[in-house]
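Using the sequences provided together with the hints, build the complete structure.
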Amino acid sequence: MLRECVLALVSAAALGCGSSELHVAGASSSQYVQTFDGRPSSVELGAVRLRPEVCRGVDLHPPGRPLDADDFVAFAKSQGLEARIVQARQDLVFVDITNAGTAAPIRFRVAVTQSPGAAGHELHTALLQRGEGTWGLHRSNLAVLAPPAPADDIVVLAAKARLACWGVLMIAGHDDNFVVAGGYTEL
Numbered sequence: 001m002l003r004e005c006v007l008a009l010v011s012a013a014a015l016g017c018g019s020s021e022l023h024v025a026g027a028s029s030s031q032y033v034q035t036f037d038g039r040p041s042s043v044e045l046g047a048v049r050l051r052p053e054v055c056r057g058v059d060l061h062p063p064g065r066p067l068d069a070d071d072f073v074a075f076a077k078s079q080g081l082e083a084r085i086v087q088a089r090q091d092l093v094f095v096d097i098t099n100a101g102t103a104a105p106i107r108f109r110v111a112v113t114q115s116p117g118a119a120g121h122e123l124h125t126a127l128l129q130r131g132e133g134t135w136g137l138h139r140s141n142l143a144v145l146a147p148p149a150p151a152d153d154i155v156v157l158a159a160k161a162r163l164a165c166w167g168v169l170m171i172a173g174h175d176d177n178f179v180v181a182g183g184y185t186e187l
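If you count by our numbering, then the sequence shown holds residues 1 to 187, one letter each, in order.
Where hints are given, some of them may not hold.
[Said to hold, decoys possible] Across the chosen pairs, the derived CB separations fall in these ranges:
hint: 1; residue 1: G117; residue 2: A88; range: 37 to 45 Å
hint: 2; residue 1: G173; residue 2: S28; range: 17 to 25 Å
hint: 3; residue 1: G80; residue 2: S115; range: 29 to 37 Å
Just so you know, these hints were derived from the structure itself, not from any lab.
Keep in mind the model is a prediction, meaning the values are calculated, not measured.
Backbone N, C-alpha and C define an ideal beta-carbon position, used for all residues, glycine too.
Okay, structure coming up:
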């Protein structure tokens, strides 16, 4: 009996190791990032950028107007993703994305703030509070918080779904937040 319990525990632990709900099967982060001088690379926060082809054909200019959660949903749908909105408050919605190549739907928390600066601050603070592996996007007055995952899985999902082309991609590292350059940029 003890042996069966130990085997079950070890099997469960092994199945959970090294995977996240954001894992996109069949993709490698090295397909989507490079060093700042253009050499192939794996994800190393603060030392890589998206490859130019990731956002080719996507308008990377700031919108110049306030946005709402429907703008995030419209972009997701334009990339072939399915999205369902759950309204929490007037300034906060949850967007569940399906068919992104992940085993389960992905829930994004979309905060509607008063300004681009407030959105960047909101996301930065949320990432620091939640810690390493937390990530999100901000564009105009929207701060979009995503579930935590390993940096490789984050980059694959954000690049493959072109979310990093819609908003500034930020990932919480061990003790700081990092922007993955090469996609959408907003000052």
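Do the hints match the structure? See the list:
no.	hint	in the structure
1	G117 x A88: 37 to 45 Å	violated, 23 Å
2	G173 x S28: 17 to 25 Å	holds, 20 Å
3	G80 x S115: 29 to 37 Å	holds, 31 Å
Hint compliance for this structure: hint 1 alone is broken.
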